[in-house]
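Whole structure, please, built from the sequences with the hints as guidance.
The sequence shown begins at 1 in the working numbering and counts up one residue at a time.
Hints were generated in silico from the structure; no laboratory data involved. Predicted, not measured: the structure shown is a model, and the values here were computed from it.
Quick list of simulated restraints, FRET-style, between CB atoms:
#, residue 1, residue 2, range
1, E62, E553, 53 to 63 Å
2, Y512, D355, 53 to 63 Å
3, E148, D199, 20 to 30 Å
4, S92, K345, 31 to 41 Å
5, K419, D388, 24 to 34 Å
6, A684, E553, 45 to 55 Å
7, K159, F116, 18 to 28 Å
Every residue gets a Cβ at the ideal spot worked out from N, C-alpha and C, and that includes glycine.
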Amino acid sequence: MSDNDSNVQPVVDCTDITSENSSALSPARNTCDSEEETSSGSEDNYDDDDDDDDDDDDDGKEPPLLTFSRMTQIPKTFFQRDSISACLFSDSLFAFATHSGLLHLTRPDFTTIRTFKCHRSSILSVTTDGYYFATGSIDGTVVIGSIEDPQDISGFDFKRPIHAVILDKNYTSTKTFISGGMAGEVILTQRNWLGNRTDTILEKNNGSIVGIYTIDDVVFWMNDTGITFYSTASKAKLLNIPFPPDEQNRPDLYWPKVTFPETDRIIICWGSHIWQVKISILKNPEASNNLGSLLSTAASSLRGVPDRKVELEHHVRLNCLVAGAAAFKDDQYLCLAIRQSSSGKLDTPELKIIDILNGEELHTYQVISKSFQNMSLNDYHLGVHIGDGKSEYYLLSSTDAIITKELSLVDRFNWYVDKKLYVKAWEIGNYAVSPMDRLVVGLKYIDLLFSENSWTDASGAIATIFEETPEESEELSNFKISKWGMYILAFIKHDKTDEVVDTIPTSPVLDYNVYTTVLTWYLKKSRYTELLHLLSTWSHFLYDTVLITDQIEDALQIKDTPILRRCLVVIYLASEQYLAAVRQQLILRDAAALDVLLEHNLLSNFVSELKDIVLLPFEGPIDRLNIMKLSQIKNIFQKSIALLVDNRHSIPIEKLIEELSGSLQVLLFLFLQECMKIEPLMMAPYEDNMLELYLIYDKPGLLGFLKTKSNYNIDKAIKFCQEENNLHNELIFLWSKIGENRKALSLIIDRLDDPKLAFQFVKDSLDNELWNFLINYSLDRPKFIKAILDSSELFEDEIATVVDKIPDNIEVEGLKKSLEDIATNNELKLGVVSSIFKIVDDETKEMVAEFLIIRKKGKIFHN
Numbered sequence: 001m002s003d004n005d006s007n008v009q010p011v012v013d014c015t016d017i018t019s020e021n022s023s024a025l026s027p028a029r030n031t032c033d034s035e036e037e038t039s040s041g042s043e044d045n046y047d048d049d050d051d052d053d054d055d056d057d058d059d060g061k062e063p064p065l066l067t068f069s070r071m072t073q074i075p076k077t078f079f080q081r082d083s084i085s086a087c088l089f090s091d092s093l094f095a096f097a098t099h100s101g102l103l104h105l106t107r108p109d110f111t112t113i114r115t116f117k118c119h120r121s122s123i124l125s126v127t128t129d130g131y132y133f134a135t136g137s138i139d140g141t142v143v144i145g146s147i148e149d150p151q152d153i154s155g156f157d158f159k160r161p162i163h164a165v166i167l168d169k170n171y172t173s174t175k176t177f178i179s180g181g182m183a184g185e186v187i188l189t190q191r192n193w194l195g196n197r198t199d200t201i202l203e204k205n206n207g208s209i210v211g212i213y214t215i216d217d218v219v220f221w222m223n224d225t226g227i228t229f230y231s232t233a234s235k236a237k238l239l240n241i242p243f244p245p246d247e248q249n250r251p252d253l254y255w256p257k258v259t260f261p262e263t264d265r266i267i268i269c270w271g272s273h274i275w276q277v278k279i280s281i282l283k284n285p286e287a288s289n290n291l292g293s294l295l296s297t298a299a300s301s302l303r304g305v306p307d308r309k310v311e312l313e314h315h316v317r318l319n320c321l322v323a324g325a326a327a328f329k330d331d332q333y334l335c336l337a338i339r340q341s342s343s344g345k346l347d348t349p350e351l352k353i354i355d356i357l358n359g360e361e362l363h364t365y366q367v368i369s370k371s372f373q374n375m376s377l378n379d380y381h382l383g384v385h386i387g388d389g390k391s392e393y394y395l396l397s398s399t400d401a402i403i404t405k406e407l408s409l410v411d412r413f414n415w416y417v418d419k420k421l422y423v424k425a426w427e428i429g430n431y432a433v434s435p436m437d438r439l440v441v442g443l444k445y446i447d448l449l450f451s452e453n454s455w456t457d458a459s460g461a462i463a464t465i466f467e468e469t470p471e472e473s474e475e476l477s478n479f480k481i482s483k484w485g486m487y488i489l490a491f492i493k494h495d496k497t498d499e500v501v502d503t504i505p506t507s508p509v510l511d512y513n514v515y516t517t518v519l520t521w522y523l524k525k526s527r528y529t530e531l532l533h534l535l536s537t538w539s540h541f542l543y544d545t546v547l548i549t550d551q552i553e554d555a556l557q558i559k560d561t562p563i564l565r566r567c568l569v570v571i572y573l574a575s576e577q578y579l580a581a582v583r584q585q586l587i588l589r590d591a592a593a594l595d596v597l598l599e600h601n602l603l604s605n606f607v608s609e610l611k612d613i614v615l616l617p618f619e620g621p622i623d624r625l626n627i628m629k630l631s632q633i634k635n636i637f638q639k640s641i642a643l644l645v646d647n648r649h650s651i652p653i654e655k656l657i658e659e660l661s662g663s664l665q666v667l668l669f670l671f672l673q674e675c676m677k678i679e680p681l682m683m684a685p686y687e688d689n690m691l692e693l694y695l696i697y698d699k700p701g702l703l704g705f706l707k708t709k710s711n712y713n714i715d716k717a718i719k720f721c722q723e724e725n726n727l728h729n730e731l732i733f734l735w736s737k738i739g740e741n742r743k744a745l746s747l748i749i750d751r752l753d754d755p756k757l758a759f760q761f762v763k764d765s766l767d768n769e770l771w772n773f774l775i776n777y778s779l780d781r782p783k784f785i786k787a788i789l790d791s792s793e794l795f796e797d798e799i800a801t802v803v804d805k806i807p808d809n810i811e812v813e814g815l816k817k818s819l820e821d822i823a824t825n826n827e828l829k830l831g832v833v834s835s836i837f838k839i840v841d842d843e844t845k846e847m848v849a850e851f852l853i854i855r856k857k858g859k860i861f862h863n
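Rendered as structure tokens:
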């Protein structure tokens, strides 16, 4: 509320009972009664009909658009012994003039500047340029004075009643003003260079001047011809809007009322008509923007090229008289309208909100002003002032003054609260009041829902209201958290926990008693699934872990259920009681225990349960391991094996071998295999164990093991390999490792029948005698003979011997072709060797010849 509201006495708020789409045909109206009741001393009285209307309004779901209050800052004598004849509402000055010639000047906050008598009779016009004021009176004079300096004042006598006066916007320097009245002349008054007054008539002989106004350097006046717009810069008439020919009354009977909603727009009310005009200001650096630019000679005063454009934007005619109009909202007017009865008297004044485009009435408010029965249209004034970002509208008559305001957000908020429409109050409160005030209203709504047992709605309201309340201060934060917890506990008290549990916040954190009470409620109700969900969702810091743990353990004493044990596991893990958590997981046979043991290195605390821990990821009888693939077993027991490998230093290997022997020896194999990759020296003593396990579970990997390891018993390995039918490569490796190359080669020839492998084996052995053994041992095998002949580069000197020793009864496939290839190759080699010899011989001859020449030369010696 602004400062000037402190002296305002409220009258009844006029609640709009028409709908948003109500039209001018709607008969219902709202009444704002401002009639003073002198007999009782009360400021306001209302008739029975109005009371009924107000009762109806109480049922409304939306606040009124406007509120009304009586203006009490003007001297009471202005209404009691005198009456207001003219008024002014500008950005910096309010002025109220009376029929006795008094002028009351105030600031916009109604701080009095001064009150004095400046005319002998009615003041009909008041204007200002921000520094000076000017008044025109029926006594024929114009008074111009400084707003701040009472001594700076002057008067001008025009001999005929003055109806209107305006000041040049630069009056301080130009001393120029325009006036008009009963004489029917629009007079520009200036001072010449000698300081004498000069008058220039801009228009005459068109009836009384009933209004003169200016916007920038455009002046417009009203007389019998209508509204005339005139440019003081170009000294040209810009536009004339005729007084409507269908108007029943004379133009000078009802004086026009003008407001300026924007710097370039004008709203003109006259009779039952409203015009909205736009003036386009064309920037012209050579033009002067003040009234004093007019020449005092009338010869050229109406000549020149127009430099302004005046456009009529809207024209609306109402079915009543209009005492003033102002811009309200987008494309809306707020009009002070008065209907004329059949007897010619004026009815109760009304405030109408109309559509600017089509004149449709959107809302109507009846304002019963004092002595309205005796008023004429010219006795009413509608003033507008925009302060603190909101508009105030002043409804003045000769004997009364009322302030009306559009409801602010705070006003609407309070209205909703008074009507117990808490949801709407809370919604608008985000923009109108402090977060604390908004929260308080939200709490009222929750309390209302509680009283109606609307638990589901209350739960949603609690979540929305508290979540959208910012924690901008410690006081608000503490209050919010306290109330939030209180409401949740109320739900629990009424066994409505299910309705609110999903809205319980974890940020911000409520009192720990709230979370503990919720968990206890579900535990006592044996709602273990919900209990487990909450424990898994909420941090253990939110509730009393000791109390909840004790309660769960007590419940387990009565009935042991897996889900309760899982609740214990969740609490223990969250509170970092890992040993206790693993014990519960082992009872549950929960494979997740492996993750805990791996992460926190706890296996040494569970040596006695080692076998059970290893088997946690496996379901079914252990015998199934015998028929499963090694890759499948490895995948299932991946974490178990990793756990054993990580604890190879904390648990003796012998203990692990003991535990995993027998039906679990496949797991022992996987464990030892991984350990040997990581720490081969440590696992060297267990290579014989691995030898046997490889023979059982991974024969394809045995050769690699034999080649990379050296601490196993070779004789034992040879024995194992000899007992198997398909371990020829392994046996070949072992024979060669102990120097039994001929046995190994015989095995390659006899069992594998692989000439290429045999040749490579002999080549790698670096044993020349083994070549002869290979040739002699292979002469009865056509496949080997053919391979030897095709590998002549390996057997150059022995090829002839091999060919001679081939038994006659042996048929070698492709023998002729192989011999031809050998002969061809030998011939080529011979040719190449001959060519090389010739090149060497030629180079030798050249070098000898050069040597002989050099030798024949003498050599110089220096003493």
